[in-house]
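If you're matching them up, the sequences are chains P and G in order. No gaps in the numbering here: position 174 of the first sequence is 174 in the working numbering, and each next residue is one more. No gaps in the numbering here: position 68 of the second sequence is 68 in the working numbering, and each next residue is one more.
Simulated from the structure, these hints should not be mistaken for lab results. Note that the structure is predicted; figures quoted are calculated from it, not measured. Take these hints with a grain of salt, some might be off.
[To be verified] Pair ranges (Cβ atoms, derived): (1) Ala-33/G to Ala-296/P: 57 to 67 Å; (2) Val-45/P to Glu-47/G: 47 to 57 Å; (3) Thr-347/P to Ala-286/G: 43 to 53 Å; (4) Gly-348/P to Glu-278/G: 54 to 64 Å; (5) Gly-266/G to Glu-375/P: 23 to 33 Å; (6) Val-197/G to Gly-348/P: 55 to 65 Å; (7) Glu-200/G to Leu-365/P: 24 to 34 Å.
[Stated by the list, open to error] No more than 25 Å apart at the CA atoms, straight line, and that leaves these computed lysine-lysine pairs for DSS-like: (8) Lys-100/G to Lys-133/P; (9) Lys-304/P to Lys-133/P; (10) Lys-148/P to Lys-180/G; (11) Lys-23/G to Lys-148/P.
[To be verified] Among chain P residues calculated to face chain G with C-beta under 8 Å, some are: (12) Asn-149; (13) Val-330; (14) Gly-332.
The beta-carbon is built from N, C-alpha and C at its ideal position, and this holds for glycine as well.
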Amino acid sequence: MGAEHLPTSEFDIEELEQSMTSSDPADAPEMVQLLASDGTLREDVQYGPYAAHLDGEALRGLYRDMFLVRRFDQEAVALQRQGQLVMWPPLLGQEAAQIGSGTALQANDYVFPTYREHGVALTRGLELSALLKLFRGVSSGGWDPREKNFHLYTLVLAAQTLHAVGYAMGLQRDGEDGVSVAYFGDGASSEGDVHESMVFAASNQSPVVFFCQNNHWAISVPTEVQSRIPLSNRASGYGFPGIRVDGNDVVAVHAVTRWALEHARSGLGPVLIEAFTYRMSAHTTADDPTKYRLSAEEDAWRDKDPLKRLERYLRSSNTADDSFFEEVTVQGDEMAAKVRAEVLAMTGPEMVQSFNNVYADPHPLVAEELAWHLEYEAGFADADEAGESN
Amino acid sequence: MANMTIAKAITAGLRETMKNNPKTMLMGEDIGALGGVYRVTEGLQAEFGKTRVVDTPLAESGIIGTAIGLAFRGYRPVCEIQFDGFVFPGFNQITTQLAKIHARSSGDLSAPVVIRIPYGGGIGSIEHHSESPEALFAHTAGLRIITPSNPHDAYWMIQQAVESNDPVIVFEPKRRYWLKGEVDTESPGQDAFSAKVVREGTDATIVAYGPLVPVALAAAQAAEEDGNSVEVIDLRSISPIDFDTITTSVHKTGHLIVTHEAPTFGGVGGEIAARISERAFLSLEAPVLRVGGFHMPYPVAKVEEHYLPDIDRLLEALDRSLAY
């Protein structure tokens, strides 16, 4: 290997693009797309039938969900900028990947998200403000995962992919027809746990769908540093189907996910879906994309905006008109105002609550330290009282 | 009463819990047809089937991580890690996920996963096969850690570990796997998370656990021949530690020695020394002494006898303590 192939500390976008285009095009998987960027619907023999049930109302529903979660995301970013949230991982650009896949799930399917699946949370019927408890620093969770079959956000990359497979193994043993869905990103795909989860899933033929949102950037590092081949191609190495879908095409994502869920549900084992999309915003509000990528790249992806694409179709097919889009806008503003009010009302827990639930059964060390803490705090209360009486 | 080895007592304990709870399942590498490298799960796959005794892919993080997912569905997975030094690929799942999910979910979720780890040296093996990493896990809130030293405890503690609603790591003293003893299969005697005075004495207390309990008992016997009465406590539970039992003993004896195979620095012995100096400062007639491993990777088998705490090192510490 020559020195020119050694990685450098900074990524040259042109070089990366060249390295991508110079790979054998025969290796590139077909990208499933049903809704073209010009807003026209395409025929697809395999996946088309899985979108056939989407009537006008359903399509408007997909648009509404994407719009609402984008509006929610905007509000969360604003709350962070105003110091009301510690930080926030925006989903801007990934609405179709999340709404498309989330709406394909049944109630008894179980979602193991990473920390950016705000859109999937919306499709599960989660109260969106609950997602903000973690980022406001008032809870490490924020909701009961069992209520909507939506697990807590997992910040340790890829750890949840194994939990998803274990859960799927449980579904198998229980004879239930639910499917476990593991969400992760292109950066997390490098983690060993993703590999192990796919080995375990294939080994057990477990009902699990791996949903990888390839948003092209793991904080500041591009996908090419994680994988030299398209991520969906990896599935064949484990012995199950891998599908690359246009992650900005909500109809295609929905159809492909329905197919994958049916595949897993019928006992045929796991599926990997790579939703090819783009994170338009920062990884979190703590980083600055202008330091690691070119605005030209963002501009190119802006043209593929998932909401604009569906809006074009809804208008051209007379499925929705101005009044619908106005109605959705009003609904978004109301939702955002409600979320804002709820966040501002969220106060931190009392410290004593942190002693709860360290263990499920009574634990003498926790009890001892809690007793010490209470006594210590009570000392201040006594001092205050003494001070007041003086 | 039945007479059996520690290894077979664990097998019998696992069989009981498999029979009593249909949600109990075993997972690990080579635990099926082979019965595990130490044969602890021997015969269980034939008895309970492949869906309850699972030969997993060779991946420790995978074993722990999938066990967590199974626990979310109400299963009680018992994971076998083949050797102490091989637990580290699963360390992330144990410390960042398993230990914390109950707290992170405000009590909504539990992960009552049991992890069995054969640990410790003295079997003349090669590297990564003789380590004592218990302190690395004891430092993590949310985990419980126990270690039996005799067949009776082994039989009951594995069952109590499965019954616990918290994740439990069972460190099994592999050089004692073939130690035989009586097992009362009718009565456990006491809770897994408590210590036990296994020999009464008045002049000094030795706290030991797992593989070193027989060493501590032999040292106490030797001390008695020198005219010193030594109390021996089998710690049994490393997290939580039963400080009440140790404190009571130290109030009586005034001298405390803690011994374990793991390196002394940053070990469980230091925690016991510090707590007991807080709890029984005025009863102590000497500093609490520790007898443990050195600050080095576990040495090669040809010199391990110089590394492992033995009777002589315990007696030397006893002499130092009593000389104050």
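Against the structure, the hints come out as follows:
no.	hint	in the structure
1	Ala-33/G to Ala-296/P: 57 to 67 Å	59 Å, holds
2	Val-45/P to Glu-47/G: 47 to 57 Å	50 Å, holds
3	Thr-347/P to Ala-286/G: 43 to 53 Å	51 Å, holds
4	Gly-348/P to Glu-278/G: 54 to 64 Å	31 Å, violated
5	Gly-266/G to Glu-375/P: 23 to 33 Å	29 Å, holds
6	Val-197/G to Gly-348/P: 55 to 65 Å	45 Å, violated
7	Glu-200/G to Leu-365/P: 24 to 34 Å	27 Å, holds
8	Lys-100/G to Lys-133/P	17 Å, holds
9	Lys-304/P to Lys-133/P	32 Å, violated
10	Lys-148/P to Lys-180/G	51 Å, violated
11	Lys-23/G to Lys-148/P	24 Å, holds
12	Asn-149	10 Å, violated
13	Val-330	35 Å, violated
14	Gly-332	30 Å, violated
Violated hints, in rising order: 4, 6, 9, 10, 12, 13, 14; the structure is consistent with all others.
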